[in-house]
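Student: Taking the hints into account, I'd like the entire structure generated from these sequences.
Residue numbers (this note's numbering), protein chains in the order written: chain A, 1 to 118; chain B, 1 to 233.
One or more hints might be untrue.
Stated by the list, open to error - Which chain B residues face chain A? A few, computed with CB under 10 Å, are given here:
no. : residue
1   : V41
2   : N68
3   : G72
4   : M179
5   : L227
What the hints assert, rightly or not - Okay, derived cross-link-like pairs now, SDA-like style, lysine to any residue, Cα gap no bigger than 20 Å in a straight line:
no. : chain 1 : residue 1 : chain 2 : residue 2
6   : B       : K230      : A       : R82
7   : A       : K92       : B       : I67
8   : A       : K92       : B       : H225
9   : B       : K212      : B       : G151
10  : A       : K92       : B       : K212
11  : A       : K92       : B       : R136
12  : B       : K212      : B       : D100
Hints were generated in silico from the structure; no laboratory data involved.
From the three backbone atoms N, C-alpha and C, an ideal C-beta is built for every residue, glycine too.
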Amino acid sequence: MIIKVLLVSFFLFSLSRAVLRFRDGHINARELVGICLFWLAASVVVIWPAVTMLLANLLGVARGADAILYLTVAALCYLAFRTYIRIRDVEKELTELVRRLALFEAERSSRNKSSERP
Amino acid sequence: MGDSTPERLDESVFAVIPAHNEAPAVREVVAGLLAFCRNVVVVDDGSRDETAAVAREAGAHVVRHLINRGQGAAIRTGMDFALSRGAKVIVTFDADGQHDPADLPAVVAPLLRGECDVVLGTRFKDRRSNVPPLRRWVLRGGILFTRLVSGIKVTDTHNGFRAFSRRAAELIEINQDRMAHASEILDEIARQRLRYCEVPVRVRYSNYSRQKGQSSWASLQIVWHFLFEKLRR
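Tutor: As structure tokens, then:
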């Protein structure tokens, strides 16, 4: 089962990165706990795939792996849309900043020019 | 224009030129416009070449975006600058030399006579413009799209040569930073119930302007940006 080894080592790697980021102060304790729970749960699912049947039965899907796949695709699509809108908003703010700065600079340089004149 | 030295328009007329990496063309455009109006504003939209220096040397007011934010944003900055300087008429003009400064008096004339609030240049009302066949079809798509979505009937929806009265420039909101601002301006004209008219202008398709301009594929992206923004309103 090479896939299990690969996935679980990747999850542990991600977990270690989260711990490092917690030490640097980039994430707080609550975020660290959340991230750890997520990767631990993912490891459990990879090591004992049978547990996903609980979820599959609950949702009325035949196979556990399918249930996970459907939920993941839905979550990723949601995140993609949210990120898209977030980027649009940040771009708008950036534009506003650049525009204001441009007008401010133009105003300042013309004021300097007019004060140079006798 | 029969005169060799045309009479310059009143100083309350401002020409706004959005420019991104247009150093090779902008000098001639500024000089051409200065023959017809006293105030030319070049908005250097984060160029990496000498656009700003060349424009300033040619006699334009220069306003600089530190980073590139797109033609819609640059036009808005240029309009704000002109309004702050007391502009009564604001003309937008492309930096790549596709428009003819000699058309300027005819474009602002309906505004000066108080006949309308916005004048839109059109390349399709006379036969002076050498529009390539593919571009002609894409622009026809734009005309149909605008008629359906904004309910405004014009013969050329994506012409950068326009003129606005002060009131129109204050009312029209340009939220589209990039190329979809052209559709947005038409949409705003309809929404604000501004009086508009079309004046024939010449569009020169040079190798330079075709290379610098939008590819016909970009029209799909423009439609997407415009509709997305319209839905968010």
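Student: Each of the hints needs a verdict: does it hold here or not?
Tutor: Results for each hint:
Nearest Cβ of chain A to the Cβ of B:V41: about 9 Å, under the 10 Å cut. The hint holds. Taking 10 Å as the C-beta cut-off, the interface hint given for B:N68 holds, the closest approach to chain A being about 9 Å. Interface hint at B:G72: satisfied, since its Cβ lies 9 Å from the closest Cβ of chain A, which is below the 10 Å cut-off. The criterion of a C-beta within 10 Å of any C-beta in chain A is not met by B:M179, whose closest approach is roughly 14 Å, and the hint is violated.
Against a cut-off of 10 Å between C-beta atoms, the interface hint on B:L227 is violated, since the closest Cβ of chain A lies about 13 Å away. Using a Cα cut-off of 20 Å, the hinted pair B:K230 and A:R82 holds, with the two alpha carbons roughly 18 Å apart. At roughly 13 Å between alpha-carbon atoms, A:K92 and B:I67 fall within 20 Å of each other, so this suggested pair holds. Pair hint A:K92 plus B:H225 holds up; C-alpha atoms about 13 Å apart against a cutoff of 20 Å.
Between B:K212 and B:G151 the CA atoms are separated by roughly 31 Å; this puts the pair beyond 20 Å, and the hint is violated. Proximity of A:K92 to B:K212 is assessed by CA-CA distance (about 25 Å); at most 20 Å being required, the pair is judged violated. Taken as a hint, the A:K92 and B:R136 pair is broken in the structure, with Cα atoms around 32 Å apart against an allowance of 20 Å. A threshold of 20 Å between alpha carbons decides the hint, and for B:K212 with B:D100 the separation of about 17 Å falls inside it, so the pair holds.
Taken one by one, the earlier hints fail for this structure at numbers 4, 5, 9, 10, 11, listed in ascending order.
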